[in-house]
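Participant: Protein chains in written order, with this note's numbering: chain A, 1 to 114; chain B, 115 to 227.
Think of the hints as simulated: they come from the structure by calculation, not from any bench. Given the structure is predicted, the values throughout are model-derived calculations rather than measurements. C-beta atoms are modelled at their ideal positions from N, C-alpha and C, and glycine is treated no differently. Keep in mind that the hints are not guaranteed to be accurate.
One-sided excerpt, in silico: chain B residues whose CB lies under 10 Å from chain A [unchecked claim]:
no., residue
1, 163
2, 175
3, 176
4, 179
5, 205
6, 206
7, 219
8, 223
Negatives, chain B to chain A, calculated, CB over 12 Å [unchecked claim]:
no., residue
9, 132
10, 156
11, 160
12, 181
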Amino acid sequence: SQKIEQNSEALNIQEGKTATLTCNYTNYSPAYLQWYRQDPGRGPVFLLLIRENEKEKRKERLKVTFDTTLKQSLFHITASQPADSATYLCAPSNYGGSQGNLIFGKGTKLSVKP
Amino acid sequence: KAGVTQTPRYLIKTRGQQVTLSCSPISGHRSVSWYQQTPGQGLQFLFEYFSETQRNKGNFPGRFSGRQFSNSRSEMNVSTLELGDSALYLCASSLAGETNIQYFGAGTRLSVL
């Protein structure tokens, strides 16, 4: 069955450093992959989407890579700030059609210390 | 454009009771999905409604049900509550187009005592 693993439950880094979060999937060939941010007690918020034919996508301090051979996506936050502290979720998926929902990884809780 | 609205934000119930949660999607979004989130299991898919029809269903018992109205608003019902049903219930709407980008509400925090 489809399995999504995010590298660790928690990641602690120092302000100004680059945070790298990993999303691995098995028994699945997604056409794209989404990343979301979730703050405590709130719903996830969409950040970035990368398609299978895109190696890399950037948005401000965020960068996502997608390696369909390794079945892995990396999510980078450069020059991290305490405000980046949150849980980050990945969701590999195929194109919509008859399915409007997503299957999410359990997330990685990022803590950025000043 | 208003976001996804979920009511109520907090609920306290006792075992055996039933509960109904409400979700108003973003205007124009026809797909509404419900998720249960717990610390141990993460975000788990319950069901998805599209144009008033349940289109997909996750692996939850029949005590969990839902419906969608003609204006795309959705309700979720849990009958015979159990302690393990304590969780954050999230509703998300999407355009259900090429990509399923989900727009989440703030959730309903349900505590079963």
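Participant: Find the hints from earlier in the document that the structure breaks and name them by number, from lowest to highest.
Facilitator: Violated hints (numbers, rising): 2, 3, 4, 10 and 11; every other hint is consistent with the structure.
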